[in-house]
Amino acid sequence: MLTIGKLAAAGEISPDALRYYEAEGLLAPTTRTASGYRLYGEDALRRVRFIQHAQACGFTLAEIRELLQLRQTDKACCNDVRQRAIEKRLQLAAKIRSMQSMSAALDRLIAECADGSQSVDDCPIMAALEQIDGGAEPAR
Amino acid sequence: MKVELIYAPGCAECMTARTGLRSAAEAAVAGVEWTEINVLDALDYAVELGVLTLPALAIDGSLVFAALPAPAQLRDELLKRAGHD
Chain H
1 MLTIGKLAAA
11 GEISPDALRY
21 YEAEGLLAPT
31 TRTASGYRLY
41 GEDALRRVRF
51 IQHAQACGFT
61 LAEIRELLQL
71 RQTDKACCND
81 VRQRAIEKRL
91 QLAAKIRSMQ
101 SMSAALDRLI
111 AECADGSQSV
121 DDCPIMAALE
131 QIDGGAEPAR
Chain R
1001 MKVELIYAPG
1011 CAECMTARTG
1021 LRSAAEAAVA
1031 GVEWTEINVL
1041 DALDYAVELG
1051 VLTLPALAID
1061 GSLVFAALPA
1071 PAQLRDELLK
1081 RAGHD
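Chains as they are written, first to last, in our numbering: chain H, 1 to 140; chain R, 1001 to 1085.
Isolated chain R (complex conformation) (with noise of 0.2 Å):
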């Protein structure tokens, strides 16, 4: 499973809850490929995404959260997704 983590450059929430969300993902699901994103390089990808707002967070290629979760709401999803729920 792929999570995206998708910032602007000086984002301060973003360094902020970057590792507690990358650590809930990789202990939600085996084999997690965590990615951050800086979205000055990949607009293009930003805007198929459908990201409108910053920071975002796209699982498989597709936008779920429109603004950073809490941990356990990622970890939610993931389980979810991975077919634990």
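Pulled out of the complex, with its shape left as it was, chain H reads as follows (with noise of 0.2 Å):
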């Protein structure tokens, strides 16, 4: 059995990050000691290295518990694993589109600020962003 630190350390994570993933229902202590103390059983580094990786790959914690419950159910299969993977590279994708076009619009504001020497009042880029209907796009 591993104490709270050792799993931590084990799985290079705060002993507080342990306690959020048992608050959102993603680990739980096998066990506690006497005095109260969380103990894991061995596979609560296996559960803590998924959780990683899944976070990595941009699911949220919520997602996660999903997915985490798609092992207990008889019914589930891969493909309903496949499926969320899916969503989330769609998600993923269109979170990128939505950047790429901010990105977008402060290159244009960036270039219609050619002379940086304007007080900020006569700014461009101020003034665009000040416009009401026009959002971010630059000041005609």
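Just so you know, not all the hints are guaranteed correct.
[Stated by the list, open to error] Taking lysine-lysine and the DSS-like style, the derived pairs with C-alpha atoms no more than 30 Å apart in a straight line are:
#1 Lys1080(R) to Lys1002(R)
#2 Lys75(H) to Lys88(H)
#3 Lys1002(R) to Lys75(H)
#4 Lys1080(R) to Lys75(H)
Everything labelled a hint here was simulated from the structure, so no lab data went into it.
Since the model is a prediction, treat every value here as computed from it, not as a measurement.
Fit the two chains together into the complex; they arrive one by one in their own frames, and the hints show the way.
Take a look at the structure:
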């Protein structure tokens, strides 16, 4: 059995994060000592790694909980996991697209501000950001 | 009118629902073009449509149902778009 400190060290994670995983229903201690300290079984480290890898792929803790629950669902199969992975891929692609559009809007604003010595009040970037209807389009 | 079902391969829900949806669409509006798109073959197109969850249904190039509708809902939507409302 591992104490929370030992599991944290093995998983290169903080004890607070492990407590948070517990609060989120992702990782429960196998038992507690008489004085109330958490003790984890051998599979806890594998679970921590699973959570970390899933987070690195963009899954939220709530989504990771669903993935873990699939393991306990008799009817679930790999297609269910794959569908979640595809949906996450779609969400990431949408986010990337949105960030590219933000980046392009910033490029336009930066190009608009050719004279950097103008006062802040006359700065075209500030003017464009103040526009009510034009979003971040540069001032014309 | 063009109806596109965007699905993930192996989606049991899609396979069960598609026959009923397709029949409802074809009965509602004459000349409906029904297409089934495997999202893995058209990921960019799905992102362009705004698909974030699967399966989803688009009509004339717009995402209309982020989750599969009941056949009656699809029929009503198609009739509305065809001006039969």
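Each hint, compared with the structure:
For the given pair, lysine 1080(R) sits about 14 Å from lysine 1002(R) by alpha-carbon distance, which is consistent with the 30 Å threshold. Between the alpha carbons of lysine 75(H) and lysine 88(H) the distance comes to roughly 22 Å, so the proposed pair stays at or under 30 Å and holds. Only pairs whose Cα atoms come within 30 Å are accepted, and lysine 1002(R) paired with lysine 75(H) is rejected, the gap being roughly 34 Å. This hinted pair does not check out: lysine 1080(R) and lysine 75(H) have alpha carbons roughly 38 Å apart, beyond 30 Å.
Of the hints listed earlier, those the structure fails to meet are numbers 3, 4, in rising order.
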